[in-house]
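Undergrad: Kindly generate the complete structure, drawing on both the sequences and the hints.
Heads up: the sequence lines are chains A and B, in that order. Sequential numbering of the first sequence, starting at 0, is according to numbering that gives the first Met the number 0. Sequential numbering of the second sequence, starting at 0, is according to numbering that gives the first Met the number 0.
Honestly, the hints are just simulated from the structure, not real lab data. Be aware that one or more of the hints could be misleading.
Computed footprint of chain A on chain B; a stretch qualifies when at least three of its residues, placed anywhere within it, have a C-beta under 8 Å from a C-beta of chain A [as the list claims (entries may be wrong)]:
1) 50–58
2) 245–257
3) 460–472
4) 623–635
5) 664–671
Derived DEER-like restraints, expressed as beta-carbon distance ranges [to be verified]:
6) B:39 x A:104: 39 to 45 Å
7) A:48 x B:659: 29 to 35 Å
8) A:172 x B:89: 52 to 58 Å
9) A:131 x B:532: 39 to 45 Å
10) B:418 x A:131: 57 to 63 Å
11) A:170 x B:580: 45 to 51 Å
12) B:580 x A:175: 49 to 55 Å
13) B:63 x A:104: 34 to 40 Å
A few chain A residues that don't get close to chain B, going by computed Cβ distances all over 10 Å [as the list claims (entries may be wrong)]:
14) 42
15) 45
16) 54
17) 59
18) 61
19) 62
20) 63
21) 64
22) 83
23) 103
24) 117
25) 118
26) 169
27) 186
28) 198
C-beta: ideal position from N, C-alpha, C; glycine also.
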Amino acid sequence: MSEERLRVSRREVLKGAAGAAAWLGVPAAARAEGEERAPSWPGIRRLGPGPTPLSFRLNGEAVTIEVTPRTTLLDALRGPLGLTGAKRACDRGACGACTVWIDGRTANACTVLALDVDGLAVTTVEGLSSGNALHPVQEAFVAQDALMCGFCTPGMVMSCAKLVERGAVDEESLREGLSGNLCRCGAYPHIFRACQEAQR
Amino acid sequence: MSQRTLELGFSGHSEERRVEVPPDAPPPWDLRSDLKVAGKPHPRLEARLKVTGAARYTADQRLPGMIFAGAVRSPHAHARVRRLDLSRAKKLPGVLYSEAYPQREVRYAGQAVAALAAESEQVLDDALALVEVDYEVLPHVVRTEDALAEDAPAVAGRRNVRQGRGMRRGSLRRVEEAHARADVVLTREYRTQVQTHTCLEPHGSVARWEGDRLTVWASTQATFAFRQTLARALGISAAQVEVITEHMGGGFGSKFGADAWDVFAARAARATGRPCFFMLDRRAEHLVAGNRPDSIQRCTFSVRRDGKLLGAQVTSHGTAGLGRGAGVLNPAIYAFEATYSDQYDVLTHAGSARAFRAPRHPQGVFALEGMLDELAEAIGMDPLELRRKNDPHPVRQAQYDVGAEAIGWSRRKPSGSSPGPLKRGLGVAAARWAHNARPGTAVRCRIGRDGSVLVANGSQDIGTGTRTILAQIVAEELGLPLAAVEVRLGRTRDPYGHGSGGSVTAPSIAPPARRAAYACRQRLLAAVAAALGCEAESLSLREGRVHGAERELSFAAACGLLPTESIEATATGGPEDMSYPSFTREVAGVQFAEVEVDAELGTVRVVKVVAVQDCGLVANPLLARSQINGGVLQGISYALHEERILDARTGDMLNANLLDYKILGAREVPEIVAIPFSVANGRTSTGMSSLGEPPTVPTAGAVANAVANAIGARVRSLPITPEKVLAAIAEAERTRRASDGEKKKKKKKRIF
Chain A
0 MSEERLRVSR REVLKGAAGA AAWLGVPAAA RAEGEERAPS WPGIRRLGPG
50 PTPLSFRLNG EAVTIEVTPR TTLLDALRGP LGLTGAKRAC DRGACGACTV
100 WIDGRTANAC TVLALDVDGL AVTTVEGLSS GNALHPVQEA FVAQDALMCG
150 FCTPGMVMSC AKLVERGAVD EESLREGLSG NLCRCGAYPH IFRACQEAQR
Chain B
0 MSQRTLELGF SGHSEERRVE VPPDAPPPWD LRSDLKVAGK PHPRLEARLK
50 VTGAARYTAD QRLPGMIFAG AVRSPHAHAR VRRLDLSRAK KLPGVLYSEA
100 YPQREVRYAG QAVAALAAES EQVLDDALAL VEVDYEVLPH VVRTEDALAE
150 DAPAVAGRRN VRQGRGMRRG SLRRVEEAHA RADVVLTREY RTQVQTHTCL
200 EPHGSVARWE GDRLTVWAST QATFAFRQTL ARALGISAAQ VEVITEHMGG
250 GFGSKFGADA WDVFAARAAR ATGRPCFFML DRRAEHLVAG NRPDSIQRCT
300 FSVRRDGKLL GAQVTSHGTA GLGRGAGVLN PAIYAFEATY SDQYDVLTHA
350 GSARAFRAPR HPQGVFALEG MLDELAEAIG MDPLELRRKN DPHPVRQAQY
400 DVGAEAIGWS RRKPSGSSPG PLKRGLGVAA ARWAHNARPG TAVRCRIGRD
450 GSVLVANGSQ DIGTGTRTIL AQIVAEELGL PLAAVEVRLG RTRDPYGHGS
500 GGSVTAPSIA PPARRAAYAC RQRLLAAVAA ALGCEAESLS LREGRVHGAE
550 RELSFAAACG LLPTESIEAT ATGGPEDMSY PSFTREVAGV QFAEVEVDAE
600 LGTVRVVKVV AVQDCGLVAN PLLARSQING GVLQGISYAL HEERILDART
650 GDMLNANLLD YKILGAREVP EIVAIPFSVA NGRTSTGMSS LGEPPTVPTA
700 GAVANAVANA IGARVRSLPI TPEKVLAAIA EAERTRRASD GEKKKKKKKR
750 IF
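TA: Below, the structure is given as structure tokens:
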């Protein structure tokens, strides 16, 4: 079910009224607030426009914050939640610098509305390592120098870790699987190598 | 002064040279130096911070009470602002500061007309939308060719075409004489596009005042230039400003001094008493934060039938928007008898260009290397052979052999002979760069009584690995493992360092780092000599221990004997460690590319690139490979994908985002054989050469030559898009048919 919701969230929300109505219909986080200016539909509750409560699991911990409905997951993470690992570089799902996991699937946090992760589990790069122990992909990134300026790295690491988890580290799968993550410095050859090393 | 004999050059091609080493300076490293830490493949020091998301970039600063700033930008390339009304925006709760720029005219799409600062980004967005601007749209010109027309709107002053100082070089008369002696003279037009830097971290800064002191976190590749320009714009002294650049997300030449938005952030912070954050959005990045100028290069080159290159004549026009500096650099790689270049800036209503990784080089080399292949074809000579015959650089001569072997150059077939719709081709191109070690960088080294070693310099690590290289140099000099050295970079309260331009950083920072460490080492040894019962001169520092004739001490124990809390030395790069006679004057590089072209679809796939790059003494092979890979990939991206598209009608950019402005991604990455080529050039005490820029210089030229070899037709315009490939194939086909037709007609005549 969550996957279905996510698919809607990433594609449809920007498509206008119909998508937005479907969007606002998400019951889990729904809470009517503010003045009634728009017409109401049966069974659909309005969100916002003011701060609206949001509860989800973030890197294994339960969190509750208030955000306005237009807040993206990325802005919620980088703002009130103080996790600046995921980066804002293109702000429209083109570069993958904000890649996080939502219920175990990779997503561009800049094109997910924060309220849509209500009740879900979000993992950011900060939650990938446990204590001092790096995730094997992080270890391999360090060893292979799979980064230069490092601005794409948090998102890249999250995508790579998912590919390694799926065993999709042959050259073709890596090219395909990382095509949503841009690295302007051109660290790709070392990134590919890091994924293959992490798999071993 | 002490005399030393150095072995300079490279494996299989070395020579001895006597040098005078000044007192208080370590003798230069050469081919015989047995280095333990420097020159070894260490992962970069900040990698752990970067892979865990803990590295804090400028864009990640979250200061208490921070406010957010943004600008209202003109959607028109040329307009007069009739009315600018901020009253509604300023009434919005949470809007804290504003400035209006009621210029008489805006001259490019993206130019700011007002800026605001607000409580939050959401309030800021709402407020920006409430600013009312009434524009009177004026005639504009955004394309280089259009701006050259007689009746084009004037962008600034009377004429759109300008020739700056140094933009006419060489002798036209001598080139014409050379052409007259040639067997083949070819004239061709080559074109390149405008490319935007597309740093993933946008430009911008965060400003915070405490009293009359300003701290600025900036995404800059020149902390000291940033401090200077910001202080000047604010009318305060540079001493009142500290710039901090701990990590930065790419610059590529576009992030030197403070920009208008940085000045605004500082003013907004001062006016409101709260820290102010101003990072550009992606659209502004493309429009206002710099680009590589385009070029139209008319080339007339000549050659003798035996392969001797004679004359090279290039007339180029390019636009740097409202800025200057659209020239191209090319023929100097090869020994032409005479060269002449005549270069012009063409003003357009577009954002100004900025330095972009090897400014002027890739565009010039694309045309130069294309012309060389066309000449080789005309005289029936192998293109690599033509280069070997005319290249005076001893390092490149060796690199041709290494590269040709690695790519399998002997497989190369005559152009256009690849059968079937998927056609393979090979191409080669070369690059030159200067040994850019600049004096003036200062490095402080401190050894604590607790055994700690700290190295500090105020310049930045743009992503090349400066921090790591610095630690390696100091660890080497002190005989310590890398982990024993802590490096602090990116704070202007620390000693001066240059901006990262011209690939100067590592070559300029390494010699003073080594000399500062050398000075600390001498003082440490003097301090412990008595305890070890011998003269300081007889002691050595290696493997983390001080070795005397009979006794030894661990480094930590030795430090414990220091009479003071710490010892400290600051060295400034200067004649004593960076002006030894050099083995070569220029940094050499050669690249080979193999491509596969789908002759039915016109798509180009780069299969493999071999990049052989002179690094001086390689500082760190792992990091050097990263630099080379990055240069090659940006070069392929430039050759095949990137192009700023300005709409001639509206003057706005049609692809000012990362979806439509295509940069190379994971799918387009070829096999890259990056070969850091070690050359002991002896110029400085550490021997490292410039590496950031040179590897991106020849790539587009090599790829374009490989494409021409594959399809038997030449695309003389970047980027090499499917449309251009198909057009070139069709044109070649037409020419072939026409000449076949001629032959048939002649045959018929004979028969009848």
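Undergrad: Decide, hint by hint, whether the structure agrees.
TA: Verification of the supplied hints:
1. Interface restraint, the region 50–58 of chain B with chain A: holds (8 residues with C-beta to C-beta distance below 8 Å; minimum three).
2. With 5 residues having a Cβ less than 8 Å from any Cβ of chain A, the region 245–257 of chain B passes the three-residue criterion, so the hint holds.
3. For the region 460–472 of chain B, the stated coverage by chain A holds: 4 residues have a C-beta nearer than 8 Å to a C-beta of that chain, and at least 3 were required.
4. By the rule of at least three residues with a Cβ nearer than 8 Å to a Cβ of chain A, the coverage given for the region 623–635 of chain B holds, with 9 such residues.
5. Only when three residues or more bring their CB closer than 8 Å to a CB of chain A does the claim for the region 664–671 of chain B stand; here the count is 5, and the claim holds.
6. The hinted window of 39 to 45 Å between residue 39 (chain B) and residue 104 (chain A) holds, with their beta carbons roughly 40 Å apart.
7. Our hint of 29 to 35 Å for residue 48 (chain A) and residue 659 (chain B) holds, since their Cβ atoms are close to 31 Å apart.
8. For residue 172 (chain A) and residue 89 (chain B), the hinted distance range of 52 to 58 Å is satisfied, since their beta carbons lie about 53 Å from each other.
9. Distance hint check: the CB atoms of residue 131 (chain A) and residue 532 (chain B) are about 43 Å apart, consistent with the given range 39 to 45 Å.
10. The hint said 57 to 63 Å for the Cβ distance between residue 418 (chain B) and residue 131 (chain A), and at roughly 58 Å that hint holds.
11. Checking the proposed 45 to 51 Å range against residue 170 (chain A) and residue 580 (chain B) shows it holds: the Cβ atoms sit about 47 Å from each other.
12. Look at residue 580 (chain B) against residue 175 (chain A): about 53 Å separates their beta carbons, and that is inside 49 to 55 Å.
13. Hint check: residue 63 (chain B) to residue 104 (chain A), Cβ distance near 35 Å, so the stated range 34 to 40 Å holds.
14. Here residue 42 (chain A) stays apart from chain B, with its beta-carbon at least about 29 Å from theirs, past the 10 Å limit.
15. Here residue 45 (chain A) stays apart from chain B, with its beta-carbon at least about 18 Å from theirs, past the 10 Å limit.
16. No Cβ of chain B comes within 10 Å of the Cβ of residue 54 (chain A); the nearest lies about 21 Å off, and the non-interface call holds.
17. Separation of residue 59 (chain A) from chain B is adequate, the least Cβ-Cβ distance of about 15 Å exceeding the 10 Å criterion.
18. Once the 10 Å rule is applied to beta carbons, residue 61 (chain A) is consistent with being away from chain B; the minimum gap is 21 Å.
19. No beta-carbon of chain B is positioned within 10 Å of the beta-carbon of residue 62 (chain A); the least distance is around 17 Å.
20. The Cβ of residue 63 (chain A) sits about 20 Å from the closest Cβ of chain B, beyond the 10 Å cut-off, so the non-interface label holds.
21. Separation of residue 64 (chain A) from chain B is adequate, the least Cβ-Cβ distance of about 14 Å exceeding the 10 Å criterion.
22. With a closest Cβ-Cβ approach of about 4 Å to chain B, residue 83 (chain A) is found to fall inside the 10 Å limit, against its non-interface label.
23. Distance to chain B confirms residue 103 (chain A) as a non-interface residue, since its nearest Cβ pair spans about 19 Å, more than 10 Å.
24. With a least beta-carbon separation of about 19 Å from chain B, residue 117 (chain A) lies farther than 10 Å from that chain, consistent with its non-interface assignment.
25. Look at residue 118 (chain A): its CB is around 24 Å from the nearest CB on chain B, clear of 10 Å, so calling it non-interface holds up.
26. Residue placement check: residue 169 (chain A) keeps its beta carbon more than 10 Å from all beta carbons of chain B (closest about 13 Å).
27. With a minimum CB-CB distance of about 6 Å to chain B, residue 186 (chain A) fails to clear the 10 Å threshold, and the non-interface call is violated.
28. Residue-level check passed: residue 198 (chain A) sits 17 Å from the nearest beta carbon of chain B, beyond 10 Å.
The structure fails hints 22 and 27 (numbered hints given earlier, in ascending order).
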